[in-house]
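Construct all of the structure, not just a fragment, from the sequences and the given hints.
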Amino acid sequence: MSTPTTTDRSDDLLTQQDPPIDTTLPAAGVTPGGVTGAATTPTAPSRPRGLRSRRTLVGAIVPLGLLALWQAVTAAGVFLPVQLPSPVAVWGAGVELVERGELGGHLAISTQRVLIGFGIGAVLGLVMGAVVGLSRQADVLLGPTVGAFRAVPSLAWVPLLILWMQIGETSRITLIAIGAFFPVYTTVASGLRHVDQHLVEVGHAYGLRGPRLLARIQLPAAVPSVISGMRLALAQSWLFLVAAELIASSQGLGFLLLDSQNNGRTDRLLLAIVLLGLLGKLTDAVIGVVERRLLRVWA
Amino acid sequence: MAITASTAVLTRPAEPVAIRDVARTFTAGGSSLPVLRDLNLDVPAGEVVGLLGASGSGKSTLLRQVCGLDTPDAGRITIAGTPVRGVDPRCAVAFQESRLLPWRTLAHNISLGLPRGTERAAGAHRVDELLDLVGLAEFRSHRPGQISGGMAQRVALARALARSPGVLLLDEPFGALDALTRLKMQDLLLDVHAAEPTTVLFVTHDVDEALYLADRVVLLGDDGRGPGNTIVSVTPVPGERPRDRADHRLAGLRVQLLDGLGVDTHHS
Ligand SMILES: Nc1ncnc2c1ncn2[C@@H]1O[C@H](COP(=O)(O)OP(=O)(O)OP(=O)(O)O)[C@@H](O)[C@H]1O
Ligand SMILES: [Mg+2]
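Chain order of the listed sequences is A and B. Each residue of the first sequence is one higher than the last, beginning at 1 in the working numbering. Each residue of the second sequence is one higher than the last, beginning at 1001 in the working numbering.
None of these hints come from the bench; they were simulated from the model. Please note: incorrect hints may appear among the correct ones.
[Said to hold, decoys possible] Simulated restraints on C-beta separations:
#1 B:G1117 x A:V200: 21 to 31 Å
#2 A:R150 x B:R1120: 57 to 67 Å
#3 A:V127 x B:P1236: 41 to 51 Å
#4 A:R209 x B:A1179: 51 to 61 Å
#5 B:D1073 x A:S190: 47 to 57 Å
#6 A:L141 x B:G1117: 34 to 44 Å
#7 A:V200 x B:A1122: 56 to 66 Å
#8 A:S190 x B:A1121: 35 to 45 Å
We put the CB at the ideal spot given by N, CA and C, even for glycine.
Here it is as C-alpha cells:
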C-alpha cells in the first residue's frame, strides 16, 4: 500500500465538504384567500407532473455533453489511454468486473459501510444535538467539548482508530460514523436553538410543556434543519468511506480506486469514481425526496 | 350562523379578572424601559373590555401579564380570586401575529386550542364547528402558508375560541382583515359571546370597533405622573349589544376617545 498518495487524496477529499444542496422548494398550490370561504373553491395543492420530468431532462444535458466531449477527445487521441481511457473502455472495464463477479461485492460492501456508519453517526448526532440544543445547561456543559472535538479534522483520528481497533470493519465504520455525527449534531443543535420563540410561546400559552412541547412544537419546527443536516452527513459518509477504504481494505470502491492505481488500470479507476458519484447522488436523492415531501408541508 | 354552546366540550365559566397596582419595566442591556405602572382594573365575569392606546403603550404587555406569559414587577393579577402564577389554563390568547404552526393544517392548528383531555370525537366536532364559524370550512386541510393573513387571523381566533376559556384575550384580532370581513368577525365575536358568555379583553386600534364590541373601553396612556403608561380613562359604552353602529351617542364617545389617543378630530 502506498501511503503518501493516500494522504494526498484524503486531503483533496476533505476540501469538498459542502455538497450542493438542492434548495428549490416545490411550488405550493397557493389558493387566493377569499373574504368568505364559501365564495371561493379551494384547489388542492398540486404540482404539474410534466415540470418534473422536464427538469430531469434539462439536468441531463450537461452530463451527456461531457460524456460526448470525453468520447470525442479520447477518439481523437488527445490523451494516452493510460491518462484518460475512453468512456467505452470504462464501460468495458465495468462489464469485465461484473463478469468476474467482483463489482457487486465492491458496491455492496461500500454501500453497507456507508449506511451503517451513517446510521450510527446520525442517531448519535441527533441525540446529542437535541440535548445540547434544548438544554442551556447541557449546552454550557457539553458545547465547548464537542466543539473542540469537531475542530479536529476528522481524518486525524485514523491512526488512533487503527491503533485502538486494528484495521477492520469496526475502525472503518467508526470513522464513517464520526464523519456523519458532526453535521447532524451541529444542524440539530442550532435548529432546535433557533426554533421560533413565538411558536414556543404559543405552545406555552396552550398548556404545552416538556416532552409534549418538544413533540408538538420544537421538533417539528426543527425538521428542515434536521433533514439538511442528514443530507450533509450522508455526503460526509461517502467521503469518509473512501478515506477508510483507501487506507486499508481488500474490498469496496475505495479499494478498487487504490488497486487500479497500483495496477495502472485507469479505466477501472474512472469506473470507481463514476460509481462513487452515482451512489452518492442516489442516496442523496433518497433524502432529497424525503426532504421535498417534508418541506412541502413545512415551508 | 347558528352558534350553540358546545355541550360536548368542557366549557369554562366566565371568570372575573382583577388587576391591582401592576407595573412592568423591561430591562435590556443595561437600559430599563418602564412600560406599565399603577395599573388597576376590575373586570367582572362576562364583561367585554376594549383596550385602546398608542403603539408601544403596553397593550400587548398587559395581556401577557393577565395570562401569565409574563410576570409583573409589582402588583398582582387574580382570576376568580386566585392569583395568576405561570401560564394560566383559564385563559386563551390570540396573539397579535397569528402564530400558526406552519406544518399543521388549519384544522390541526385549531385543535391545538382544545382544552386538555377533550375527547377525540368531541374535539373534532368542535374544530369543524369553529372552522365553519370563521368561514374557513373548505380550507380545513390547507396549511398556514397557503392562506392569506386575514384568514390566518381568523384561524388564530378559532384556536383561542376552541379553548372555551374563562378569560379570552385577543390582541388586535381583526387587524389584518378587510373592512367587510372585519365587521362580520365583530358580529361573530358577539354571537360567540352571547352563546358562551366569557370574559373578554381585546386590544384594538379601531375606536369604532371598541365602541361596537365593548362594555367598557379602557385607554392606556401617559397620565404625566411618572414614567410608563397607565389607565388614563375608562369609558362605559351605553346601550345593549348588538349596537347600532350609527348610534349618535357613540359618536360623542368616539371623538372623546380619539382625542385621548391624540387624534385631532376638529377640522376647521
Ligand atoms: N420582552 C420585551 N423586552 C423588552 N421590551 C419589551 C418587551 N416586550 C415589550 N417591550 C416594550 O414594551 C413596550 C410596549 O410593548 P407592547 O407590545 O406592549 O406595545 P403595544 O401597546 O402592544 O403596541 P402595538 O399597538 O404596537 O402592538 C414597547 O416599547 C416594547 O418595546
Ligand atoms: Mg401590541
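Against the structure, the hints:
{"no.": "1", "hint": "B:G1117 x A:V200: 21 to 31 Å", "in the structure": "holds (22 Å)"}
{"no.": "2", "hint": "A:R150 x B:R1120: 57 to 67 Å", "in the structure": "violated (45 Å)"}
{"no.": "3", "hint": "A:V127 x B:P1236: 41 to 51 Å", "in the structure": "violated (59 Å)"}
{"no.": "4", "hint": "A:R209 x B:A1179: 51 to 61 Å", "in the structure": "violated (40 Å)"}
{"no.": "5", "hint": "B:D1073 x A:S190: 47 to 57 Å", "in the structure": "violated (33 Å)"}
{"no.": "6", "hint": "A:L141 x B:G1117: 34 to 44 Å", "in the structure": "holds (37 Å)"}
{"no.": "7", "hint": "A:V200 x B:A1122: 56 to 66 Å", "in the structure": "violated (28 Å)"}
{"no.": "8", "hint": "A:S190 x B:A1121: 35 to 45 Å", "in the structure": "holds (41 Å)"}
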